[in-house]
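Q: As a plain string of letters, each chain reads:
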Amino acid sequence: MDQFTFASKHKTVLTAFMIVGLVCLGLTFVVDDELHTRFWTNYLHNSVFFTGIAFMALFTLAAFTTALAGWHTLVKRIWEAYSMFLIPGLILMLVVVLGVVGHLHHLYHWTDAAAVEHDPVLSGKSSFLNTGWYSIGTVVIMGIWIYFAWKIRQISLDEDKNGALDFGHHRRLRIWSAAFLPIAGFSSAAIIWQWIMSIDAHWYSTLFAWYTGASWFCASMALTIMLVSFLKRQGYLEKVTQEHLHDLGKYLFAFSIFWTYLWFSQYMLIWYGNVGEETIYFYERIHNYPVLFYGNLLLNFITPFFILMRNDTKRKYGTLVFVSAVVFFGHWWDFFQMIKPGARLTAMEALAHHGGGHGGHGAEAAHHAVDFAMGFTIPGFLELGTMLGFLALFLFVVFNRLEKASLVPKNDPYLPEALHHHVELHGDDAHH
Amino acid sequence: MSKDNKEVLYGLYDDEEILLSAVDKANEEHFDIMDVQTPFPVHGLDPKLGLAESRLHIAGFIYGALGTLTAFLFMTWVFTRDWPIIFGGKPYFSAPAFIPITFELTVLFASVGMVVTFYTICGLWPGVQNVHLDDRITDDKFCIAFDVSGQEESFKDKLKGFFSTTGASEVNIKNI
Numbered sequence: 006m007d008q009f010t011f012a013s014k015h016k017t018v019l020t021a022f023m024i025v026g027l028v029c030l031g032l033t034f035v036v037d038d039e040l041h042t043r044f045w046t047n048y049l050h051n052s053v054f055f056t057g058i059a060f061m062a063l064f065t066l067a068a069f070t071t072a073l074a075g076w077h078t079l080v081k082r083i084w085e086a087y088s089m090f091l092i093p094g095l096i097l098m099l100v101v102v103l104g105v106v107g108h109l110h111h112l113y114h115w116t117d118a119a120a121v122e123h124d125p126v127l128s129g130k131s132s133f134l135n136t137g138w139y140s141i142g143t144v145v146i147m148g149i150w151i152y153f154a155w156k157i158r159q160i161s162l163d164e165d166k167n168g169a170l171d172f173g174h175h176r177r178l179r180i181w182s183a184a185f186l187p188i189a190g191f192s193s194a195a196i197i198w199q200w201i202m203s204i205d206a207h208w209y210s211t212l213f214a215w216y217t218g219a220s221w222f223c224a225s226m227a228l229t230i231m232l233v234s235f236l237k238r239q240g241y242l243e244k245v246t247q248e249h250l251h252d253l254g255k256y257l258f259a260f261s262i263f264w265t266y267l268w269f270s271q272y273m274l275i276w277y278g279n280v281g282e283e284t285i286y287f288y289e290r291i292h293n294y295p296v297l298f299y300g301n302l303l304l305n306f307i308t309p310f311f312i313l314m315r316n317d318t319k320r321k322y323g324t325l326v327f328v329s330a331v332v333f334f335g336h337w338w339d340f341f342q343m344i345k346p347g348a349r350l351t352a353m354e355a356l357a358h359h360g361g362g363h364g365g366h367g368a369e370a371a372h373h374a375v376d377f378a379m380g381f382t383i384p385g386f387l388e389l390g391t392m393l394g395f396l397a398l399f400l401f402v403v404f405n406r407l408e409k410a411s412l413v414p415k416n417d418p419y420l421p422e423a424l425h426h427h428v429e430l431h432g433d434d435a436h437h
Numbered sequence: 005m006s007k008d009n010k011e012v013l014y015g016l017y018d019d020e021e022i023l024l025s026a027v028d029k030a031n032e033e034h035f036d037i038m039d040v041q042t043p044f045p046v047h048g049l050d051p052k053l054g055l056a057e058s059r060l061h062i063a064g065f066i067y068g069a070l071g072t073l074t075a076f077l078f079m080t081w082v083f084t085r086d087w088p089i090i091f092g093g094k095p096y097f098s099a100p101a102f103i104p105i106t107f108e109l110t111v112l113f114a115s116v117g118m119v120v121t122f123y124t125i126c127g128l129w130p131g132v133q134n135v136h137l138d139d140r141i142t143d144d145k146f147c148i149a150f151d152v153s154g155q156e157e158s159f160k161d162k163l164k165g166f167f168s169t170t171g172a173s174e175v176n177i178k179n180i
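Order-wise, the sequence lines are chains R and C. Numbering of the first sequence is given in the working numbering, commencing with residue 6 and proceeding in unit increments. Numbering of the second sequence is given in the working numbering, commencing with residue 5 and proceeding in unit increments.
Bound conformation, chain R alone (with noise of 0.2 Å):
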C-alpha cells in the first residue's frame, strides 16, 4: 500500500493520549511551587524536543538530497511529514515567547531586569540573551525553516503528480536543500543558545549547540525506525527491507557514539580547564543529579554501542525498535537534564528573593545540596505523561500529513536505487 490512511482508531488512541498529556501538565501546574517551575520547564521540555526532531528531520533530508542520496528515498516521505511539525512547534514555542515578554515564568535568569542590573556577566551577556533576542529570534529562525520545510515538501510532492523520474524537480530540491544546510547550521546553533543554553544563563560551552542538535539527530533516527517498523506491521512500506532498516540503524549508532564524543569533549575540556564558571554546569548535575548525569551516558551510549555494535542487531527490528525506544527515551532524558536543574536553580534564587533584585550567583547556590524533587531530580509519573502527550500530537501531526501524499515518491529519480539497495554482503541469512 502506497497511501497511507489515518486510521480512527489510532486517531483515537492519539487524541486520548494527549487529553492524558494535557492532565499531567495540569496537574503538574496545580501540584507546582509559585513560580509554577515545574510546569514550565516540563513544557519548554517536550516543545524544544519535539521542534528539534522535526528539524533535524528536515536537516537531515536536505543532507541526503544534496549529498545525492539514493536508499533513503522510501522513507523521505516520513521525514517530509515530521517537518510539517515545525509549524505546531512554532505555536509551541511561541507561548513560551509569550512567557517571556509577559514574564508569565521563570525559566531565564536573564529575563530578571533586577538580576541582570546587578550582575556583570548577565549584563555582559544582555546584548543576546534579552526578549528581542529571543522572540524575534524564535519567529524569525522558525519561520526560516518553515518556509524551507513547506518549499522542499513543495517540490516532492509535484514530482509526484508532474515529474517524470528525471532530475528535474531533484535539481531543485538539491539547491533548496543545499541553501538550507548552511542556515540550518547556523541558525539552529543560534536557538539553542537561546531556548537551553541560557537556562544556565551565567555558563556557556562553545560545544553546546552540536551537542544538543546530535542529540535531535538521535531522538529523530529513533522515531523514525520505531515508526517505519509500525508502518511495516501495519502493511504499510513493504519495499522498505531489512537493508535500509540496516543503514537506519547504522545512523542510529554511528551519531550515538558522535553524541558521546561530543558530550565527553565538552566535559573533558571544562573538567581539565578547571574554570569555576564553566564547572559549575556539572558540579550541580554530577552531585545534585546523578541519576540524571549517569543515566544519560547508560541509556545514550553504553546501551545503542554494545547492543549496535554487531551486524546483526541492527537488521533485526525487535533489538533494532528495542534500542531506538531506549535512545528516543534517553535523548530525552538528556534534554531533561540539560534543562531541569538550572531552572531550578533559577527559580530557588527568584523564590529566596522573592521580588528582591539581588540576584546572587548561581554558583552559591549550586554549592548547596539540593533536595530530591520529582520531577526535577528525577523524571516523575507526570513528565512521562506529558512526554507521551506531546508524542501523540507530534505523531497526530505526521499521521495527519502522511495521508496527504503517497508514501512512495512515485517519480524520484533515486527511487530504483532505493528499490534495490543492499547493503550486506552476505545477503539474506538473518531474517526477522
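Derived by calculation from the structure, the hints in this document are not laboratory data. All values reported here derive from a predicted model rather than from experimental measurement. Treat the hints with care, as some may be off.
Calculated pairs, BS3-like style, for lysine-lysine (alpha carbon to alpha carbon, straight line, at most 30 Å) [unchecked claim]:
{"no.": "1", "chain 1": "C", "residue 1": "K162", "chain 2": "C", "residue 2": "K10"}
{"no.": "2", "chain 1": "C", "residue 1": "K178", "chain 2": "C", "residue 2": "K164"}
{"no.": "3", "chain 1": "R", "residue 1": "K255", "chain 2": "C", "residue 2": "K52"}
{"no.": "4", "chain 1": "R", "residue 1": "K244", "chain 2": "C", "residue 2": "K162"}
{"no.": "5", "chain 1": "C", "residue 1": "K164", "chain 2": "R", "residue 2": "K321"}
{"no.": "6", "chain 1": "R", "residue 1": "K244", "chain 2": "C", "residue 2": "K10"}
Starting from the structure of chain R, add chain C where the hints point.
A: Below, chain C without anything else, positioned relative to chain R:
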C-alpha cells in the same frame, strides 16, 4: 595439497551480473568451483559460493578490547604507582584525561591487529609471489576458475561448453 602444478581452466566475464548467473548455473550443474576472482566485492556472491561469514570482526573486537585495557591500565599504573605526577591540580587517577589515549589505542590495536590477521589468513606477507590467472581481473574482468588437474578432456570440454553458454568472453587454461 601441493601448490604447484595445478591445471586451471578459467573463464572471464565482462559483467558481475553475468558472473552471478554463471555461478548459479555452475551450482545447478554441480561443477566444483575452485575460485571466483573479481576486481571488487560483488554483492550476493559469498552465499552463492557457500562461503561462511568472515569472523575477522570478532578478532577486531578482541584486539580493540585489548587496546582499551592496555592503554587504560598502563596509564593508571604509570600515574598512580610508577611515577605519580600532579597535573594542573588533578588527582593522580584522572580517568577523563586517559580517555582520548584509550580511544586511540583501541583503534590502533583493532586496525593493526585486523590487518595483520587478514594478511596472515590470506597467506600474504612480504616477498610472497602471487599467482594471477589474468592481470585484467584486477581491472574490469570477472573470473570463474575450475581445477582440472588430471581430468579427462571430455570434462574440460564440458566446462568450456559451460563457459560459452553462460556468456564468458574468454576461456583459458593455465598451469599454476
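Q: Run every hint past the structure and note whether it holds.
A: Comparing the hints with the structure gives:
1. Between K162(C) and K10(C), the direct Cα distance comes to roughly 19 Å. Compliance with the 30 Å bound is thereby established for this hinted pair.
2. The straight-line distance between the Cα atoms of K178(C) and K164(C) is roughly 14 Å, inside the 30 Å bound, and the hint therefore holds.
3. A C-alpha spacing of about 26 Å is found between K255(R) and K52(C), which places the hinted pair at or below 30 Å, so the restraint holds.
4. Pair hint K244(R) plus K162(C) does not hold up; C-alpha atoms about 41 Å apart against a cutoff of 30 Å.
5. Using a Cα cut-off of 30 Å, the hinted pair K164(C) and K321(R) is violated, with the two alpha carbons roughly 43 Å apart.
6. The hinted pair formed by K244(R) and K10(C) fails the criterion: a straight-line CA distance of about 47 Å is larger than 30 Å.
Going through the hint list in order, the structure does not satisfy hints 4, 5, 6.
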